[in-house]
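Novice: As a plain string of letters, each chain reads:
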Amino acid sequence: MRNYIYILVMALTTYLIRVIPLTLLRKEITNRTFRSFLTYVPYVTLAVMTFPAILSITEEPWIAWVGFVAAMVLAYNRVSLFIVSLGCCALVLALQML
Amino acid sequence: MIHRQMYLKGMRDGIPVMLGYFVVSITIGIAARGANLTALQAAVMSLTNLTSAGQFASFAIIAAGAPYLELMVSQAVINLRYCLMSCALSQKVDQRMPFYHRLFMACGITDEIFGLAIGQKGKLDPWYMYGAMSVAIPGWTLGTLLGILSTGLLPPAILNAMNMALYGMFIAIFMPAARDNPILLPIIAVSMGASAVFQMLPVFDFISSGIKIIILTLAISLGAAVLFPIAEKETAEETAADGKEALRP
Numbered sequence: 001m002r003n004y005i006y007i008l009v010m011a012l013t014t015y016l017i018r019v020i021p022l023t024l025l026r027k028e029i030t031n032r033t034f035r036s037f038l039t040y041v042p043y044v045t046l047a048v049m050t051f052p053a054i055l056s057i058t059e060e061p062w063i064a065w066v067g068f069v070a071a072m073v074l075a076y077n078r079v080s081l082f083i084v085s086l087g088c089c090a091l092v093l094a095l096q097m098l
Numbered sequence: 099m100i101h102r103q104m105y106l107k108g109m110r111d112g113i114p115v116m117l118g119y120f121v122v123s124i125t126i127g128i129a130a131r132g133a134n135l136t137a138l139q140a141a142v143m144s145l146t147n148l149t150s151a152g153q154f155a156s157f158a159i160i161a162a163g164a165p166y167l168e169l170m171v172s173q174a175v176i177n178l179r180y181c182l183m184s185c186a187l188s189q190k191v192d193q194r195m196p197f198y199h200r201l202f203m204a205c206g207i208t209d210e211i212f213g214l215a216i217g218q219k220g221k222l223d224p225w226y227m228y229g230a231m232s233v234a235i236p237g238w239t240l241g242t243l244l245g246i247l248s249t250g251l252l253p254p255a256i257l258n259a260m261n262m263a264l265y266g267m268f269i270a271i272f273m274p275a276a277r278d279n280p281i282l283l284p285i286i287a288v289s290m291g292a293s294a295v296f297q298m299l300p301v302f303d304f305i306s307s308g309i310k311i312i313i314l315t316l317a318i319s320l321g322a323a324v325l326f327p328i329a330e331k332e333t334a335e336e337t338a339a340d341g342k343e344a345l346r347p
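From first to last, the protein sequence lines are chains R and L.
Numbering-wise (the working numbering), the first sequence opens with residue 1 and increments by one.
Numbering-wise (the working numbering), the second sequence opens with residue 99 and increments by one.
Rather than coming from a laboratory, the hints here were simulated on the basis of the structure.
Treat the hints with care, as some may be off.
[Unchecked claim] DSSO-like mimics (lysine-lysine), calculated; alpha carbons at most 27 Å apart, straight line:
#: 1; chain 1: L; residue 1: Lys221; chain 2: L; residue 2: Lys310
#: 2; chain 1: L; residue 1: Lys107; chain 2: L; residue 2: Lys221
#: 3; chain 1: R; residue 1: Lys27; chain 2: L; residue 2: Lys221
#: 4; chain 1: R; residue 1: Lys27; chain 2: L; residue 2: Lys219
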């Protein structure tokens, strides 16, 4: 039972963090710097989370490097999200089977 | 009809997220054993929380029988980035959208689903997000269940490859945007470089990965916003729209 209270407490805390800005900010933000900041946030966050964590997903780092570079090149050349994602997944799987 | 199309599109784009979540949540399920959670409790936690770093951190706290306040503070800090994402999302939706959508959309704010949502062209249709959520959340919950019920079911090579799918998805979100908006390229390079430095230098060992992400995101985004403010005409959604067009050529 106590475990369920823990789960409820953390679920509520996390939900509040997610819901408060989305419900309170109901107008367009006009401040240019803040707008720019919010525009950059997702890309910076994704880049920070991807690298260097991506390099440690396989036991042999070179395989992860190949997957990383392949995904970067494909994505930069506007290959669709689905193909980039599953393509580098299949590539890494194949290289591990060698 | 348009909602249905957006919902289906969200589901399709959510498939890589589902695969990635499935793998990560298997490790979550395995870790949940350490906190003496039952399989049902672990699954309920994943369904209601949907936060990898937060759930990982919670296991030690729950196992120790720590006060609820400690759990709240740890979750608030670790998940602070969702707060930033929620701010960004508030600017991405149509301000005339019915209010209750905001309450439902908030449930789906994770790194990955947010990434998909922000990459959409123009204003965000909540149904797109619901589509992604409807495949991603079951993936997260079922993976957790599988993890706690059975360790070592899938061979490591497949788990690694599924992990790669998750990162491949991240890359497919930020790289096309960088091609369209050249200033993003050095910003992404600096982000990756700084992240690597934080990882390598033992000085930063005391910082958890959740905090590391917050610090780097705040510092680099703020620096970029001051140095390279975006012109009024290309506001957040139009910049994201550029990325979106790149995603779907």
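Novice: So, against the hints stated earlier in the document, which numbers end up violated here?
Specialist: 1
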